[in-house]
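Colleague: Sequence:
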Amino acid sequence: MTISPLFLHRLYEAFEWSMIFYVSASNAVYFFLMVLGFFALRSHRARQNAEARAVLLNSPLLPEVSIIMPAHNEALTIAQSVRSMLDLHYPHYDVIVVNDGSKDDTMKILIDEFHLCKSTRRIGNAVTQPIRGVYRSRDPIRLTVVDKENGGKADALNAGLNVARSPLVAAVDSDSLLEEDALLHVVEPFVENPGRVLATGGIIRVVNGCTVERGRVTRIATPSRVLPLFQTIEYLRAFLGGRVAFSFLNSLLLISGAFGVFDREAVLEAGGFATSTVGEDMELVVRMHRLSRTKKLPYLIVFVPEPVCWTEVPESWKVLHRQRNRWQRGTVESLMAHDRMLFNPRCGGPGWFALPYFVVFEMLGPAIEMAGYVFTVAGIILGVVSMKIALLFFIVSVLFGVLLSMSAVVLEEFTMRRYPSVFDLLRLLAAAVLENFGYRQLLTFWRLQGVFDGLRGKRGWGAMERRGFEQNAQTA
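Under the working numbering, the residue at position 448 of the sequence shown is numbered 455, and the numbers go up by one with no gaps.
Some hints could be false.
Claimed, not checked - Dumping the calculated DSS-like pairs for lysine-lysine here, alpha-carbon to alpha-carbon at most 25 angstroms:
hint, residue 1, residue 2
1, Lys325, Lys110
2, Lys110, Lys395
3, Lys115, Lys125
4, Lys110, Lys125
5, Lys125, Lys325
To be clear, the hints were calculated from the coordinates, so they are not data collected in a lab.
Start from the sequences and build out the full structure, keeping to the hints where you can.
Modeller: Written as structure tokens, this is what we have:
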């Protein structure tokens with residue numbers, strides 16, 4: 008049977024209109040989340056009170072926290088990161104570094120820098136890989152280092168959970184730096200809502216381009232390199248828009264693995280961090296939602312925009328590709344593991360709004376958006392789609408993307424204002440425009456690869472090369 012040109016033309020136009028509708032809906036939902044995030048941020052800022060926080064800092068109600076830092080081949084950043092953790096403004100906490108089978112000098116640097124000696128302490132077998140030793144510092148610092156065989160980040164976190172004795176545990180990446188009062192900010196919801204808060208997370212910001220001295224960010228600046236600058240826009244859009252809004256609706260599905268605080272008993276009751284996924288942070292949060300909703304327990308999982316964790320982002324395309332592939336695989340694995348929550352009446356907001364959003368726009372989005380680009384270009388070449396419809400598709404997919412990115416920068420400026428220089432603000436606005444022409448489309452393709460890899464069960468993280476905090480500042 009021969010397909011007539013008219014039928015092909017109408018079929019193409021119908022497909023193009025469906026793509027236009029999908030992309031418009033995606034951007035409209037995200038813009039709604041960003042507007043909701045703006046009002047939530049304004050409300051949060053209005054409640055900030057320096058005197059009340061000073062009282063809280065000296066309050067006996069502040070729970071003790073164990074900071075767990077998994078480390079694998081982090082020789083370039085581990086000393087600075089641990090120093091930043093040991094200098095936090097918080098009265099009751101200890102630091103547990105888990106060396107997860109590093110092949111570089113991570114363990115040697117820890118021993119030399121913090122004067123470690125092997126302890127006789129033994130820990131249980133709640134991890135899948137054997138423990139080689141537990142170390143304590145000879146100095147008067149609350150630091151414990153667990154040296155174990157490589158088992159992955161989730162396995163290292165479980166090892167830290169087994170060592171920790173505090174009611175709260177903070178999971179912090181070893182390539183990250185916390186601001187001095189970050190822990191106080193992120194623990195505050197546990198004090199305000201005792202017995203209800205299961206987990207909290209803080210905002211992650213890009214340290215590339217900033218000046219770091221002895222584990223502290225002493226000068227905030229935007230990266231001069233294009234790749235980390237584009238990622239700065241992504242982080243602002245994701246945290247100040249999406250996560251603030253989802254938290255406001257008590258439907259937050261993801262607390263970044265770089266910085267999150269959890270009720271230790273709640274994590275243990277949920278079964279700890281899953282070693283079967285590369286998205287252990289999202290999977291645990293979704294599982295905690297499911298268990299609490301199933302048991303009809305009152306609970307909160309909160310994003311707190313004030314505490315800042317500075318992290319080093321990839322500066323090479325190869326490393327960024329590995330990272331985004333892993334993130335997308337983790338999303339797919341988490342959604343598939345908890346697909347029964349979708350539209351489940353017992354799962355409330357997470358089941359009726361957050362999970363459908365992630366399935367439709369985060370999991371299926373890359374495939375639909377990439378199909379739109381390919382078919383639109385092909386339709387133009389074949390002459391079966393009008394330039395008017397093709398132009399409309401690119402307007403809603405690219406220009407709406409520019410609007411969202413610029414809105415994130417404006418949201419940052421009107422609420423948090425962490426970048427003091429007008430030059431930095433102008434660079435962020437320029438990046439918010441430029442990242443939509445090529446960069447975002449490449450990420451869409453990589454995310455599509457991640458979806459396929461997640462569906463076929465690909466495992467592994469891939470090497471994540473670091474430059475180090477001081478090197479980033481010097482070359483920025």
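Colleague: Would the pair lysine 110 and lysine 125 pass a check requiring their Cα atoms to be no farther apart than 25 angstroms?
Modeller: With a Cα-Cα distance of about 19 angstroms, the restraint between lysine 110 and lysine 125 holds, given a limit of 25 angstroms.
Colleague: Just to be careful, I want the Cα atoms of lysine 115 and lysine 125 compared with a cutoff of 25 angstroms; is the pair within it?
Modeller: At roughly 13 angstroms apart (the allowed maximum being 25 angstroms), lysine 125 and lysine 115 satisfy the hint.
Colleague: Keeping to a limit of 25 angstroms between CA atoms, is the pair of lysine 325 and lysine 110 held or broken?
Modeller: holds, 21 angstroms
Colleague: Checking one constraint from the list: CA of lysine 110 to CA of lysine 395, max 25 angstroms. Satisfied?
Modeller: violated, 57 angstroms
Colleague: Keeping to a limit of 25 angstroms between CA atoms, is the pair of lysine 125 and lysine 325 held or broken?
Modeller: violated, 38 angstroms
Hints 2 and 5, counting from the list given before, are not met by this structure.
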